[in-house]
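Peer 1: So the chains spell out like this:
Number of protein chains: 2
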Amino acid sequence: MSKITMAQGAGGERMQDFIRKFVLSELRHDIGEIPLSALDDAAVVEGIVFTTDTYTVKPLFFPGGDIGLLAVAGTVNDLSVMGATPMALSCAMIVEEGFDEDGLLKIMRSMSAAADDAGVSFVTGDTKVVEKGAADGLFVNTSGIGRRSQHLDGNIERVRASREYEWSWPNDSAIADGDVLIASGQVGNHGVALLSFREGYGFETSVKTDAAPLNRLIESALEAGGVTAMKDPTRGGIANLLNEWAEKSCIGLTVREEDIPLNPSVISACEMLGIDPLEIGNEGKVVLAVVPEAAEDVLKAIRTSPEGRQAGIIGEATSAIDGVVLETHTGGRRLIEPPVGDPVPRIC
Amino acid sequence: MSKITMAQGAGGERMQDFIRKFVLSELRHDIGEIPLSALDDAAVVEGIVFTTDTYTVKPLFFPGGDIGLLAVAGTVNDLSVMGATPMALSCAMIVEEGFDEDGLLKIMRSMSAAADDAGVSFVTGDTKVVEKGAADGLFVNTSGIGRRSQHLDGNIERVRASREYEWSWPNDSAIADGDVLIASGQVGNHGVALLSFREGYGFETSVKTDAAPLNRLIESALEAGGVTAMKDPTRGGIANLLNEWAEKSCIGLTVREEDIPLNPSVISACEMLGIDPLEIGNEGKVVLAVVPEAAEDVLKAIRTSPEGRQAGIIGEATSAIDGVVLETHTGGRRLIEPPVGDPVPRIC
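Protein sequence lines correspond, in order, to chains A and B. End of the first sequence = 684 in the working numbering, gap-free, step of one. End of the second sequence = 684 in the working numbering, gap-free, step of one.
Because the hints were derived from the structure by calculation, they are not lab data. Treat the hints with care, as some may be off.
Note: identical chains are not told apart, hence a pair may lie in one copy or across any two.
[Claimed, not checked] Result set (EDC-like, lysine to aspartate or glutamate): computed pairs, CA atoms no more than 20 Å apart in a straight line: (1) Lys394 to Glu433; (2) Lys357 to Glu437; (3) Lys442 to Glu369; (4) Lys442 to Glu663; (5) Lys584 to Glu535; (6) Lys357 to Glu369; (7) Lys442 to Asp472; (8) Lys394 to Asp489; (9) Lys584 to Glu500; (10) Lys584 to Glu652; (11) Lys357 to Asp436; (12) Lys339 to Asp438; (13) Lys357 to Glu502.
On a predicted model such as this, the values are computed, not experimentally measured, just so you know.
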């Protein structure tokens, strides 16, 4: 009798298998403009963008944030990367009996601050309390709905000035030859910040989580125009993101190691722990695919946001190769494979 | 330092306090036609009905159903009681490492069957796997979105033929003097079915869960017209539902014990366990408040649905009293108070 393993929730290949086996082949789906089977960050149904995420991060408090910040940032970002303006959020909590009320208040305030930051409100919720030992402190689900961004039509017009584009929403399957890849900032920070706070690790680092709502940054990119796809590199990190894009868009992707923004403390922590910073999850970053003519404008627009100051062009889409190739510092080339498991579980 | 207790998630007065303290005073809310602070079963924002529920039921499988059926029925019903037609659902799971794959498949199939029954599709989802011991097997969150039912305008027209009605959606605050209360069927079955399967109880009963999507039954009631409020008596049962209505609508409610549909096996189980069947949660029932002129038509419409065959008029709203009064079999009158805790925890 097979048992569920941690790897099946880790955002890599095993998770894709899990979703195919337990979700896509079992649940009635495939309605909407962007259906479940697209496996994008959110779905689009009758013009409404709809997404859900459950947060089981461990520990609940970590350098620079907590589960409350994460639960708002993650869901706002999943709406935003579809080209949506968030309309409203839900908050559904599972609280373990005996959880400290002060801790819960702190988390609620952090959710509230993040929602204020994003300019979005909570409209519905649910709370379940389970017996001591039946949950690990607190789990939070935030779902969200959004409507088409006011800048999306203009964005797509600019794509179409450059090439044929049959889509009406940016999405993971829409990247074509020549599209430029932009990262909004340093990758790997969130996972390393978490690890530094976990029992049994406890190394010293100044790295903080990057978790932040990116809806304003993304709106400014759409206003500049020319964005074909956007995605936040959460579980499985940028390695997983790029492989999902390559597979869904049937296109090769090249990225240059020297252009991927990385905090030196993240590099040294990863070397110490023997993990790949490209496979670590982030909660306040977005990668954009942009038609080449618009790349500089989008980059400039993103850099005006506080969260996008370190944004940079990291690579391109090309039909000349298959899969995802990293051009290394030393001039070599290596394939970036989708992570199988997760070097840092329970990051979100 | 105060700690969270089971009663705070039980659907009664403690839960209302919890929501006021941790949610309403902390989270940015109060946008939309039916906002968070209305504490209805779902919110309405820009014409979209939005709801969320996390299911932590124990055990996961019970007579007549499982957590999958519950997760679909509960969320479909929360949309439907607002007068919405469900557009799409999300499915977010927290799975404990080591959970049996066959059990998970069985649950997914039951979700799928319930979604087919309701005619609704899943469009987005999320899966988290946590270490053994960090969750109790499986928790499922289903959120849902819906649009205004095609029968809602006609329904409200019929309300307005009878009395002034300023609302554009049926809701918990909209009940007025004279409104007739209709229950769609027997109450208490779900909680008793669950208890009979729990360790340490294990009494014999033929009672099965009532969990079922009620969207068709509710559409038929709206088509008949004259419905001012609808609600499903989940946590805290019908006792909690009636008290919420009395408080939010500032109206007294009278119900007759002999008219409340009860299964004899539920009555005897409750007597044995010393619990009140009116305080037990249900997952496939709805209570409707209807203008008196329309009550017979709505009752007739509901009874044509398989889930509504045992529907009946159980009482009325009246400004002559405060709170909720039960007229007993013996001709006495007693106040139905909102439950403080929960006689059957983790029923949903």
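Peer 1: Now, for every hint given, state plainly whether the structure supports it.
Peer 2: Verification of the hints:
1. Lys394 to Glu433: both (18 Å within a copy, 15 Å between copies)
2. Lys357 to Glu437: Between copies only: 10 Å across chains, 39 Å inside a chain, cut-off 20 Å.
3. Lys442 to Glu369: Intra 39 Å, inter 29 Å, cutoff 20 Å: neither.
4. Lys442 to Glu663: Classified as neither: same-chain Cα gap 44 Å, cross-chain 46 Å, threshold 20 Å.
5. Lys584 to Glu535: Neither: 38 Å inside a chain and 47 Å across chains, both beyond 20 Å.
6. Lys357 to Glu369: Close neither inside one copy (23 Å) nor across copies (40 Å); limit 20 Å.
7. Lys442 to Asp472: Answer is within; shortest intra-copy Cα gap is 17 Å, inter-copy 25 Å.
8. Lys394 to Asp489: neither (40 Å within a copy, 48 Å between copies)
9. Lys584 to Glu500: Intra 18 Å, inter 55 Å, cutoff 20 Å: intra-copy only.
10. Lys584 to Glu652: Within one copy only: 16 Å inside, 58 Å across.
11. Lys357 to Asp436: Result: close only across copies, 14 Å inter versus 38 Å intra.
12. Lys339 to Asp438: between (37 Å within a copy, 8 Å between copies)
13. Lys357 to Glu502: neither (30 Å within a copy, 49 Å between copies)
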